[in-house]
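The numbers in our numbering rise by one with no breaks, and the one at position 99 of the sequence shown is 99.
Hints are supplied without guarantee of correctness; some may be wrong.
Here are the in silico distance ranges between beta carbons for each label pair [said to hold, decoys possible]:
(1) 65 / 89: 30 to 36 angstroms
(2) 13 / 46: 15 to 21 angstroms
(3) 87 / 16: 17 to 23 angstroms
(4) 57 / 111: 30 to 36 angstroms
(5) 95 / 33: 44 to 50 angstroms
(6) 37 / 76: 20 to 26 angstroms
(7) 46 / 100: 38 to 44 angstroms
(8) 53 / 11: 15 to 21 angstroms
(9) 120 / 25: 31 to 37 angstroms
(10) 28 / 90: 31 to 37 angstroms
Honestly, the hints are just simulated from the structure, not real lab data. The C-beta atom is built at its ideal place from N, Cα and C for all residues, glycine as well.
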Amino acid sequence: MSKDGREERRQHGELVADVLAVLWEAEGPMTAQQVNAALGKGLARTTMATILSRLYEKGTLRRVPAVRGFAYEPVEDAAGLVAGRMRRELESDPRRDLVLKRFVSSLSESDEETLRKLLREAEDGPE
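Put together the whole structure using the sequences plus the hints.
Quick look at the structure:
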């Protein structure tokens with residue numbers, strides 16, 4: 001681990017991403033034990049319970065009562081989670097127009113065309 005703890009944080013971030021990937025692929029809510037088994041990393045029960053509890057507290061997961069404790073499932077799919085982060089970042093800056101301008105100018109031609117198409121569809125409303 002580096003002196004400033006970056007390697008540890010990166011590994012934790014990767015672990016959270018792995019946990020979310022397992023839950024997104026699941027057929028339904030999973031307990032900490034089930035997620036841990038699916039990951040196959042042999043983590044301590046308390047480590048997995050802490051990760052799931054923190055994701056629940058952040059609003060990333062919902063939980064339902066299970067035989068012993070809770071089972072967890074994602075509130076949104078991966079795309080919804082990223083879109084939420086993008087929205088929060090945009091809302092955190094008072095210069096929204098500048099942020100959007102910089103974002104759009106950094107898009108590839110393909111992504112820009114996709115964005116234009118989505119904006120046209122949104123403008124036309126549901127059919």
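The hints, checked one at a time:
no., hint, in the structure
1, 65 / 89: 30 to 36 angstroms, "34 angstroms, holds"
2, 13 / 46: 15 to 21 angstroms, "19 angstroms, holds"
3, 87 / 16: 17 to 23 angstroms, "20 angstroms, holds"
4, 57 / 111: 30 to 36 angstroms, "33 angstroms, holds"
5, 95 / 33: 44 to 50 angstroms, "47 angstroms, holds"
6, 37 / 76: 20 to 26 angstroms, "24 angstroms, holds"
7, 46 / 100: 38 to 44 angstroms, "43 angstroms, holds"
8, 53 / 11: 15 to 21 angstroms, "19 angstroms, holds"
9, 120 / 25: 31 to 37 angstroms, "33 angstroms, holds"
10, 28 / 90: 31 to 37 angstroms, "33 angstroms, holds"
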